[in-house]
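Letter by letter, the chains look like this.
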Amino acid sequence: MKFGDVAELLQGEALFETDTNGVIIDHAYAADLLSDVLALTDEQTTLITGTISPQVIRVAEILNVIAIVFVRGKRPAQDIIDYARRLGIPMLATRKTMFETCGLLYASGVRPCKNRSALDA
Amino acid sequence: MSTELIYDVHAGDVQQGGSASAALKSELRKMGICEEDARRVGIIAFEAEMNLILYSTNGGTLKAKVRPEAIDITIEDTGPGIDDIDLAMTPGYSTAPEWALNLGFGAGMGLVNMHRNSDWFEIHSHIGKGTLIRCRVDRRKNDETD
Chain E
1 MKFGDVAELL
11 QGEALFETDT
21 NGVIIDHAYA
31 ADLLSDVLAL
41 TDEQTTLITG
51 TISPQVIRVA
61 EILNVIAIVF
71 VRGKRPAQDI
81 IDYARRLGIP
91 MLATRKTMFE
101 TCGLLYASGV
111 RPCKNRSALD
121 A
Chain F
1 MSTELIYDVH
11 AGDVQQGGSA
21 SAALKSELRK
31 MGICEEDARR
41 VGIIAFEAEM
51 NLILYSTNGG
61 TLKAKVRPEA
71 IDITIEDTGP
81 GIDDIDLAMT
91 PGYSTAPEWA
101 LNLGFGAGMG
111 LVNMHRNSDW
121 FEIHSHIGKG
131 TLIRCRVDRR
141 KNDETD
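In the order they appear, the protein sequences are chains E and F.
Position 47 of the first sequence, counted from 1, bears residue number 47 in my numbering, the numbering being contiguous throughout.
Position 113 of the second sequence, counted from 1, bears residue number 113 in my numbering, the numbering being contiguous throughout.
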């Protein structure tokens, strides 16, 4: 799915304007615990989260995240948004819950990124 | 020939948490280290940096020595030290306070994740003296400098 289609599906708002033509969202990982995102994802992915701490964008930078979807109406501070703009990581905010967001994306063909469970860590 | 990158990490400096690791990863990419290796080093550094911020008494240092065949990462602090290393290395075990969980940390995966992303890993800790962690990430053949 294109980033713009995801924004429309989730009735979300892109947090800054950027060229997202090349941004394809076909895999995702959803978690509020950034520790889990760091430990349990095994490939480049789109991140779905309700965590808006400054560490979100730094984790995204280290993992080369494709895009970030903030759920439950959460919106990061402007300096985090500015940092993401500089890195070229598009951000989207939706009022939908993480459950709804994942369900809608899955129903549209988005699949889990390659990952492991904590039992296999 | 090698290059050493050194970052000071301050205890409790949550706002800056992860910035040293992000800077390190960016620097490695500029040096031509491939994305996969830079990612592994970045993950190790990030977990270590957050541990220093969340748990250390006086902060500590994060060092990365870039050699042609590997990247050596050293993390050192002066306390409080880890009482039971085996327990701390258990996936899911955490002593993180509530405020750390609100930041998205404290899942009890930090040391495990550092170990998993290393080709070689060792940890030494003494209560009241501090903790020393040394990791090595072997460089892949597809580095952009090769």
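No lab work stands behind these hints: they were computed from the structure.
Take the hints with a grain of salt, since some may be wrong.
Quick list of the computed label-pair ranges, beta carbon to beta carbon [unchecked claim]: (1) F:Arg140 <-> E:Ala118: 36 to 46 Å; (2) E:Leu87 <-> F:Arg140: 44 to 54 Å; (3) E:Asp120 <-> F:Glu36: 26 to 36 Å.
A few chain E positions that, by computed beta-carbon distances, are all more than 12 Å from chain F [what the hints assert, rightly or not]: (4) Lys2; (5) Gly12; (6) Phe16; (7) Leu34; (8) Thr49; (9) Gly50; (10) Ile52; (11) Ser53; (12) Arg58; (13) Val59; (14) Tyr83; (15) Arg85; (16) Leu87; (17) Ser117.
Some chain E residues well away from chain F (every beta-carbon gap over 12 Å; in silico) [stated by the list, open to error]: (18) Asp5; (19) Ala14; (20) Glu17; (21) Ser35; (22) Ala39; (23) Thr41; (24) Gln44; (25) Pro54; (26) Glu61; (27) Leu63; (28) Asp79; (29) Ile81; (30) Gly109; (31) Arg116.
Positions of the beta carbon are idealized from the N, C-alpha and C atoms, including for glycine.
Item checked: Earlier hints that do not hold, by number -> 1, 2, 3, 7, 8, 9, 10, 11, 12, 13, 14, 16, 17, 21, 22, 23, 24, 25, 26, 27, 28 and 31
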